[in-house]
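The residues making up each chain are set out below.
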Amino acid sequence: MSAVPSSTDPAAAVAARAGAGLSPSRWQRLTWNRNWLGFWFMVPAAAFLLLFLAYPLGLGVWLSFTETRIGRAGVFVGLENYVWLADDPVFWLSVFNTLLYTTVASVFKFAIGLYLALLLNRHLPFKAMIRAVVLIPFIVPTVLSAIAFWWIYDPQFSIVSWSLRELGLLETNIDFLGDPWNARWSVIFANIWRGVPFVAITLLAGLQTVSPSLYEAATIDGASRWQMFRFVTYPLLTPIIAVVMTFSVLFTFTDFQLIWVLTRGGPVNATHLMATLSYQRAILGGYLGEGSAIATAMIPFLLAAILISWFGLQRRKWQQGEAND
Amino acid sequence: MASLEIRDIRKTFGSTEVLHGVSVPIADGEFVVLVGPSGCGKSTLLRMIAGLEGITSGEIRIGDQIVNNVHPKERDVAMVFQNYALYPHMTVAANMGFSLRLKKTPPPLVTERVRKAAEILGLVPYLDRYPRQLSGGQRQRVAMGRAIVRDPQVFLFDEPLSNLDAKLRVAMRIEIKELHQRLKTTTVYVTHDQIEAMTMADKIVVMHDGVVEQMGAPLELYDRPENTFVAGFIGSPAMNFFEGTLKANGGCGVQTTGGARLPLADAPAASNGRPVLYGIRPEHIELADDGLQAEVVVVEPTGSETQVVARADGREFIAVFRERHAFSPGARIRLRPRRDLAHLFDRTTGKRL
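Going down the list, the sequences are from chains A and B. Residues -15 to 309 in my numbering are what the first sequence spells out, letter by letter. Residues 574 to 926 in my numbering are what the second sequence spells out, letter by letter.
Note that these hints are calculated values from the structure, not bench results. Please note that a few of the clues may not be correct.
As the list claims (entries may be wrong) - Here are the simulated distance ranges between beta carbons:
| id | chain 1 | residue 1 | chain 2 | residue 2 | range |
| --- | --- | --- | --- | --- | --- |
| 1 | A | 11 | B | 739 | 48 to 58 Å |
| 2 | B | 736 | A | 131 | 48 to 58 Å |
| 3 | B | 638 | A | 123 | 34 to 44 Å |
Idealized CB from N, CA, C, for every residue including glycine.
Isolated chain B (complex conformation) (with noise of 0.2 Å):
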């Protein structure tokens, strides 16, 4: 196990720079989730710590060694794939046993290694079979024993779960996070998912457009977002956003554009006036006789909670409510943001308050 450290990574494709100079310090056992919408450069990242993509300037520490120039193979980081890159002509123990063989590792110890491996993610019964006779879960399982098998530096997850179904995500999500507490190794894991990020996560960093937004842990990030694509980003449904202008007099609060005020429980000092966004998550917004008249338009129960769809303001934004509620479309109801769990961001810049 090791620390790992980018330090102002970044990568051209030609003339196109994909990755503006990014510094994550990840420390020695932490499982980092990189997230992003597609195209924020969070593969690329990862594929240049597994050494499979080339560095244009900057640094990448794995323990002391900076690994820049070093070949893959010699980084000591296993990395599980999107599509799990299975050897289709091996069984499973062959695929698993695959970088000890090449090691030269001597046979009974490979298949004592790759049994152990198997052990602990119930691979057992399939060690003979080829991938093709495996399901979408079970070769997942493959492609982590062939990472476990080899106990790397570090672990690198490329999107690991995305070809699975729903189900077997959450499942294998929680195998992943228990793996991980039982082994300990650092780990480094991309995915565009958001609550793979927040389940899983000992620290997030949110990559857009080949920066990092902002980095930290994922109640953090939830808490105080940084900016409005952190804030847009983290949390699902997404945050709701009204532009306005700060008003400091009277009880302050956010005058919309479209009439209405929005309240706050204080103001960033000497601000009376100025334009932001008023940034509230749906899970903060209750039902309230003095809140701001809505309509409703859609009604998602989801069993747990009830989405509800509603339009003031001359927008619409989306609340949810723990309890059960038979609102019929067209309903008027009375909505109120909870005033302390508010965001402000500056309305040119997308900056925190």
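So here's chain A without its partners, still in its complex pose (with noise of 0.2 Å):
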């Protein structure tokens, strides 16, 4: 061994410059200090958010402002595009139908969640082969489970109208995707039957955070079923929910697989959208900047319902433990 450190050691090559009266070199403070290393490893992760997230949604909204068309360059035209849109009845009713289909959707899927994860919570026989049977939408490519949909709701061969008919409460096939009504009616419901696991099996884990010895202490405070579940299951549950929710919320409103296999929008724009919309102008359409303009203008929808998610979370002082009296 020579007395110089091998220089593959950095921490002993900066000791030995430190030793030497001289500072670190620039290369070594890179490659050794604490904070310098934190960065570097954080570089991979920032670089790939940067190139698939970030830029996309930069160039989206940089779209919305300009008149670009697919296999031409546009031209910045400033609000145009959101212009023409406020005056497009289309667009509008895409917004009315994206509203109702997150509430409806959202809400059953809470209620239908929160009931099957409560069940599932109990000592059931066959628990364990229940729970597995309640994922399966969830496992399915939704793809696949929107074809089958589509065959349900198929206006020849519809099982169920096949089944009303055979029991004689029908007449006539239900059109279920041909009238506009029955239409958003049957994508909610199909989208519910996607969604439910999700919250059911999120809502159970929390269930399950739940100490037993709650339960026994609110049996003897005199609490019935359902003030337990509304004093101490509920509100045990409430972070939970508004986690799963948001979730649930974001990816109803941002729903295009289901619909675009289901109807295309159809009929009459009747369940179009404002993901389906946007795809249907800018890359079928191949009015890019339009398409863009819709999809961008999804943004404040999310944004407040993370917001909402967000302040909800927030007042809960009680999880936060100590010194906020």
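Assemble the dimeric complex from its two separately framed chains, guided by the hints.
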């Protein structure tokens, strides 16, 4: 061994330079300093996010201020696309559809999911199997379940119509996807079916963190089953409900696959969501600028949903422990 | 307040019977401690009194009412849980007033009763805090406050002090006892700690493997344990046992299997040669020139007393002295059990002779 520290050991190198009265070199600082090291470890993830999330988002917003078409670079047109959309009844119909779709589906997903979670939290025979069954809609690829619903809603071969006819309850087939309101309720139903497992399983996980002794204490305190749910289970579950429902709302609001397979936004735009309309205008119609404007218009809604749940979570002082009285 | 009568209670989980016919009469205002090792069924019995656990057979009476099929909330009992079971999302005041609010008590009255209980327990400054913001001892007090506010017929405590550190445990022990002296509510208290049992109880019920081994006043159990289990369980350090046979002639005593002779005040009649267990508490062994030749193994000074682990007669046993002795390990000393305080048990049945 020579007296000169080997250059492969940065710590020793820095120490050696410091011992010799020299400050560490720039390169050594960058590879050895804790803060810089943290930065280097973060770089790959940050690069990934910037490239695949921030850049497309920024590009989308930029495109919405241009009149770009597919195959032709656009010029900056300011708010023209938005002004145009403000006068477009189809756009406003899609906003209405999206809000209806999101609200109704989320409310039902929450109610059914919570009910299932409470049910699965009890001692049932074949509990493990039932839990697995509940997860099925979630693990089937959306496109496949959408195709299954497409058959269920088929004007000629629908199993629902067939069953009701066989039972003598109905004379003619139900026009599930041909009538505007039927189509809306049909896609909402399919979305609920697909979304319930996520809510149910997550809330079930939340329920299982509630200590059983709290229920015993409540029993002795004289709480009925409903009061136990109202005053113990529900408040303890609210943080998880907030997170689950935020995700659920975001996923529902931006839904695309289900609609596209079932109706493509029809009949007469009755089931067009903002996401499907944006796709239709931008990719199929070629008006990238206008499509981007529709997509960008979703951002305020999504931000509002996130903010509501953020402030909902913020208020719960009891979770945060000491030093905030 | 009310008396409590537990009569021939049995409990089975599946095919396993965990309580084999337990009967305990509890007078109005009495402080009863159920004590025993883990798995003896004491907590199960307490939960049956509370109504959290079904009764397989037998009868539990609170006052004049048989409560076997009465819902917990109708039993008018309050329970303090081992982990306190405080509602984390409610403030101290809300936790304490919860049962009253469920009963639709007018809010001003709830506030007043919560405040009164908080005063008794010194919780007034903490009424607006959440359980997370409290120390272990404060949480323990809130759990007690929740019970006091209801002014129930019976208090049930399920190992309430086992999550506290040693010092706090002693302080809370005293507080609970004071509270009972003040409120005089019938109390059933479960613990595995015999010191808690001895210091707090009016009556101790020693349980083991689902049966009551003995019940009685603390000192009664200490002075006259009915069997080797109670003898070994009550008292700390535990009683020393020597196997031997009874010798009634020539100054009665016990001839141990190791050959030593241990003194007895008197022997049961016509029992010469009977195989017995000779029990002597560590604090009832004294230094004496005519005592048993013993070798010091370990000396543990606690300040107030000196515990000595000694070897004699081929086995180790413990002696406790009030005086300070500077024995060194390996030293030879002579120890003599106090003949008037020795206990004698049948070697096969373990029963007191």
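C-beta pair residue 11 of chain A, residue 739 of chain B: status relative to the range 48 to 58 Å that was hinted: 57 Å, holds
Using the C-beta atoms of residue 736 of chain B and residue 131 of chain A, is the stated range 48 to 58 Å upheld? 56 Å, holds
Assuming the hint says 34 to 44 Å, is it satisfied by the Cβ distance from residue 638 of chain B to residue 123 of chain A or not? 54 Å, violated
The structure fails hint 3 only (numbered hints given earlier).
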